Amino acid sequence: MAHEEDDGPTEGGVTRRRPLREWHVEETVEAAVPVRTAYNQWTQFKTFPRFSAVVHDVEQVRPTVTAWTIGYGPLRHRFCVEIVEQDPDAYLAWRGLEQNPTHEGEVEFRPTGSGGTAITVRMLLRPHGAAQVLARSPAVTGLAARLVRAELVHFQHFIEGLGQEGGAWRGTIRNGRVQHDTPEPPRSRVAQWPVG
Amino acid sequence: MQNPPGDEPETALSVTPPKKWAAGVPAVVHALEYSLEQTSPRKTGVDLLTMNQVGGIDCPGCAWADPAPGRRHRNEYCENGAKHINDEATTRRITAGFFREHSVSDLAARSDKWLNQQGRLTEPMIKRPGSDHYEPIGWNDALGVLAQELTALDSPDEAVFYTSGRASNEAAFVFQLFARALGTNNLPDCSNMCHESSGFALNETLGVGKGTVSLDDLHHADLIFLVGQNPGSNHPRQLSALEEAKRNGGRIVAVNPLPEAGLRRFKNPQKPRGVVGRGTQIADRFLHIKPGGDLALFQALNRLLLEAEDARPGTVLDHDFIDAHTSGFEDFARHARTVDWDDVHAATGLTRQEIEKVRDEVLGSERVVVCWAMGITQHKHGVPTIREIVNFLMLRGNLGRAGTGVCPVRGHSNVQGDRTMGIWEQMPDSFLDGLRKEFGFDPPRPHGLDSVNSIKAMLEGRVKVFLALAGNFVRAAPDSDVTEKAMRSCRLTAHISTKLNRSHTVCGDTALILPTLGRTERDVQADGEQFVTVENSMSEVHTSQGRLEPASRMLLSEVAILCRLARLTVDGVGDIPWAKFEGDYGTIRDSISRIVPGFHDFNARVARPGGFQLPNPVNEGVFRTETGKARFTCNEPVVPRAPQGHLLLQTLRSHDQWNTVPYTDNDRYRGIHGSRQVVLVNPADLSELGLAQGDRVDLVSVWQDGTERRAENFRVVSYPAAKGSAAAYYPETNVLVPLDSVADMSNQPTSKGIVVRLEPVGDRVRDVRTAGAGRPR
Numbered sequence: 001m002a003h004e005e006d007d008g009p010t011e012g013g014v015t016r017r018r019p020l021r022e023w024h025v026e027e028t029v030e031a032a033v034p035v036r037t038a039y040n041q042w043t044q045f046k047t048f049p050r051f052s053a054v055v056h057d058v059e060q061v062r063p064t065v066t067a068w069t070i071g072y073g074p075l076r077h078r079f080c081v082e083i084v085e086q087d088p089d090a091y092l093a094w095r096g097l098e099q100n101p102t103h104e105g106e107v108e109f110r111p112t113g114s115g116g117t118a119i120t121v122r123m124l125l126r127p128h129g130a131a132q133v134l135a136r137s138p139a140v141t142g143l144a145a146r147l148v149r150a151e152l153v154h155f156q157h158f159i160e161g162l163g164q165e166g167g168a169w170r171g172t173i174r175n176g177r178v179q180h181d182t183p184e185p186p187r188s189r190v191a192q193w194p195v196g
Numbered sequence: 001m002q003n004p005p006g007d008e009p010e011t012a013l014s015v016t017p018p019k020k021w022a023a024g025v026p027a028v029v030h031a032l033e034y035s036l037e038q039t040s041p042r043k044t045g046v047d048l049l050t051m052n053q054v055g056g057i058d059c060p061g062c063a064w065a066d067p068a069p070g071r072r073h074r075n076e077y078c079e080n081g082a083k084h085i086n087d088e089a090t091t092r093r094i095t096a097g098f099f100r101e102h103s104v105s106d107l108a109a110r111s112d113k114w115l116n117q118q119g120r121l122t123e124p125m126i127k128r129p130g131s132d133h134y135e136p137i138g139w140n141d142a143l144g145v146l147a148q149e150l151t152a153l154d155s156p157d158e159a160v161f162y163t164s165g166r167a168s169n170e171a172a173f174v175f176q177l178f179a180r181a182l183g184t185n186n187l188p189d190c191s192n193m194c195h196e197s198s199g200f201a202l203n204e205t206l207g208v209g210k211g212t213v214s215l216d217d218l219h220h221a222d223l224i225f226l227v228g229q230n231p232g233s234n235h236p237r238q239l240s241a242l243e244e245a246k247r248n249g250g251r252i253v254a255v256n257p258l259p260e261a262g263l264r265r266f267k268n269p270q271k272p273r274g275v276v277g278r279g280t281q282i283a284d285r286f287l288h289i290k291p292g293g294d295l296a297l298f299q300a301l302n303r304l305l306l307e308a309e310d311a312r313p314g315t316v317l318d319h320d321f322i323d324a325h326t327s328g329f330e331d332f333a334r335h336a337r338t339v340d341w342d343d344v345h346a347a348t349g350l351t352r353q354e355i356e357k358v359r360d361e362v363l364g365s366e367r368v369v370v371c372w373a374m375g376i377t378q379h380k381h382g383v384p385t386i387r388e389i390v391n392f393l394m395l396r397g398n399l400g401r402a403g404t405g406v407c408p409v410r411g412h413s414n415v416q417g418d419r420t421m422g423i424w425e426q427m428p429d430s431f432l433d434g435l436r437k438e439f440g441f442d443p444p445r446p447h448g449l450d451s452v453n454s455i456k457a458m459l460e461g462r463v464k465v466f467l468a469l470a471g472n473f474v475r476a477a478p479d480s481d482v483t484e485k486a487m488r489s490c491r492l493t494a495h496i497s498t499k500l501n502r503s504h505t506v507c508g509d510t511a512l513i514l515p516t517l518g519r520t521e522r523d524v525q526a527d528g529e530q531f532v533t534v535e536n537s538m539s540e541v542h543t544s545q546g547r548l549e550p551a552s553r554m555l556l557s558e559v560a561i562l563c564r565l566a567r568l569t570v571d572g573v574g575d576i577p578w579a580k581f582e583g584d585y586g587t588i589r590d591s592i593s594r595i596v597p598g599f600h601d602f603n604a605r606v607a608r609p610g611g612f613q614l615p616n617p618v619n620e621g622v623f624r625t626e627t628g629k630a631r632f633t634c635n636e637p638v639v640p641r642a643p644q645g646h647l648l649l650q651t652l653r654s655h656d657q658w659n660t661v662p663y664t665d666n667d668r669y670r671g672i673h674g675s676r677q678v679v680l681v682n683p684a685d686l687s688e689l690g691l692a693q694g695d696r697v698d699l700v701s702v703w704q705d706g707t708e709r710r711a712e713n714f715r716v717v718s719y720p721a722a723k724g725s726a727a728a729y730y731p732e733t734n735v736l737v738p739l740d741s742v743a744d745m746s747n748q749p750t751s752k753g754i755v756v757r758l759e760p761v762g763d764r765v766r767d768v769r770t771a772g773a774g775r776p777r
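Protein sequence lines correspond, in order, to chains E and H. Number 165 in UniProt numbering belongs to position 165 of the first sequence; there are no gaps in the numbering. Number 457 in UniProt numbering belongs to position 457 of the second sequence; there are no gaps in the numbering.
If you're looking for bench data, these hints aren't it; they were derived computationally from the structure. Since this is a predicted model, take the numbers as computed values, not measurements.
Label-pair distances were calculated between CB atoms; the ranges are: (1) L363(H) / V153(E): 43 to 51 Å; (2) V25(H) / L143(E): 40 to 48 Å; (3) Q270(H) / G113(E): 54 to 62 Å; (4) T112(E) / L363(H): 39 to 47 Å; (5) E101(H) / R78(E): 54 to 62 Å; (6) R78(E) / R93(H): 39 to 47 Å; (7) D181(E) / R334(H): 31 to 39 Å.
Heads up, the beta-carbon is just placed ideally off N, CA and C, and yes, glycines get one too.
Throw the hints in and build the complete structure from the sequences for me.
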């Protein structure tokens, strides 16, 4: 478990991240693609089943909410995740919406000297009841770390293999809300008249 | 299947204690009992197993959202939905012989229940001027009569086109297009009578007239308010969502004048704990509020939140949200601090301590959703109440985030979609410009008539033709005697219907019954089998496709009827491909995709399993209001009062009822059996009024026009209604709702908060069997 005291990098004074102050898992991989490419592909959550060994389905409920179905063998578990902060080409933080158990996580994208991208994932597990003891067990956190690392490596190979992203969401999210920089972003263009 | 019942006089009223839980095994038994009375086991099976499934029938019973594909139960319906769908799939048929046997006068004397029970309409019928009988007529002649009347009008504004929420997106789009091609915006709809106040308030404050939440938001809310709604009877599938919210640790505050069973406990018949266990407690806190006290409640809560912020600055309000995304906060805050606790108590009947406990629930919750229904919208101050709910949510940033938002719970399955498709008398120029560009004609620009104003125009002779796309306008509308007089004053009334109802019997000089396919039935047109689309309460647009053979070979679909009528009436207007529309509904959707924002690639996207969800601008951080931000509002406090010896009446549905159609005379959740002619009154009020359970009374409403409106011969039932209030069934008591009694701004009839007195009648023979009535069990 580690701690981080600073508030992370800022961009022109507008970035307002809330990095995790403690975590159970921290893993980093370096992908040989530019930051923009890696970040853009990461925002395409519905494609995660294409490279992941455990993610079977992702529904994008709206920009800030996704529903994930993960599993191994015949086992399946569905849970919803809220993206609470998101800065293009830099950072994304999320938290599980389930109350028992739940988790928080963040992913950072940093350019490397060689033109690639260092991708770091940190996760804090928040189990309830007896599972809290398990979460403190090095065996459990070690297993979680290995799982996250394996998934990160899968993503690295996926985006390196593709060479370019298959889509992008370039919006910003603050405190769980989409921030828009145009008066009427495309997704807001729906019927406006009152519904009785 | 049994033969339709005769119109028996009501059986003896018996009253048992109200239930403390909803659904469970009895719901399954009642649903199957009614379904098998109506139709065969095979049809019941086909209907129920395809209902609310991907590629199946969208239940017409309510507009509640379906779980995502892959997460739906094999049996994804509720008791009322099952009854409703098989009520439509009934094997009973109404033929020409039926109308020879029963005159219009005879039918007009029958009950709503009896009319519905006669079965499906099978061929077009006409009542000619001076005749008291409907007689068969061919489709061409029937539509010809209607077209001739419409084209002979001095002005297109002498016609009114009413839409019920059962109509599909495709039928609704064609209907409004036809009306506008004819030259009028007279497009009243059932929305005018159910959630018009929601649309006005949300549009004004948030910039969009729809709810902002999805099922996932409800599942993950920390705190859910259920205000002025009865999910157990009117939206039973909402109980599953509430159950999941509770399993996730969420809490629920219910606010209602009646302690409804579905607000207390839910026994999910698809889960062991719902079959053999105690089920799930729904409301953690129940506020037994007076009718119309909700505005005062939320004003009091808002004052308490502001005071909590004063005590612990920076810890209660979401200043980031308020500063960046809202306008009007300072004025609102000043106004909110003036809320008077005596007024709050007088309006709500609640103590300050009760409200402070709710404040504590709010302070302990990061994510809050407020759901409401007609217990809010049908009050005179429905719009201010919803605006105050929006104020309440905005104070702590409970908008636009996961697990937060506004949730107006709608009744008719496509009531939201019909409005999206342009069924509104005040459509904006952007939409009308779209019609002009797509179809090459100039739609009329002056606003048309809503439901209340249509009735007034009929009474004054300004409207001569009334055409209804589904529904039962006469019974759904307020001031029944006045509405009936209005309908009878028309030159022609026509109804596109699946089943017989009172609107066919209270008719103009000429009357037409245009029988149509139901949701359960296959719809085969020139280009093959068709499906239609609907939009649910959570803005999800998806398909609906029936599997049963039509009730009669003579039935036309709603789209076909309207396109054929249009070709006879407005064929030369613009370049509208009516024949193509009839043959292939995909071409209608193509036009919709070019006109209605958010429907791009309509055909492709709706073909995906589960369809697609229309984004809500609020969830995209966009507030398309006058200020460009979400708007705090200042709402004047209202203390609903009834004079001495009077009560505030709310009309409501029984559990065994779908909109204007009662299936039986029972309301088992409330413990009422054998009669709908009852008025539920608090025991203390009964005592003060000198009445007792079983007394026969007339309900007489008090209104400023001095007209006496009377609902006769009701029996009093002692019931735990909020002190000072009474409740009686809709549509029987619509007669008490004055046409001019409407909600401010939305012009929605006020079916709640009607001032009534109870006048004892006849001998006080208390012929009612009771079993501990008035005491919840």
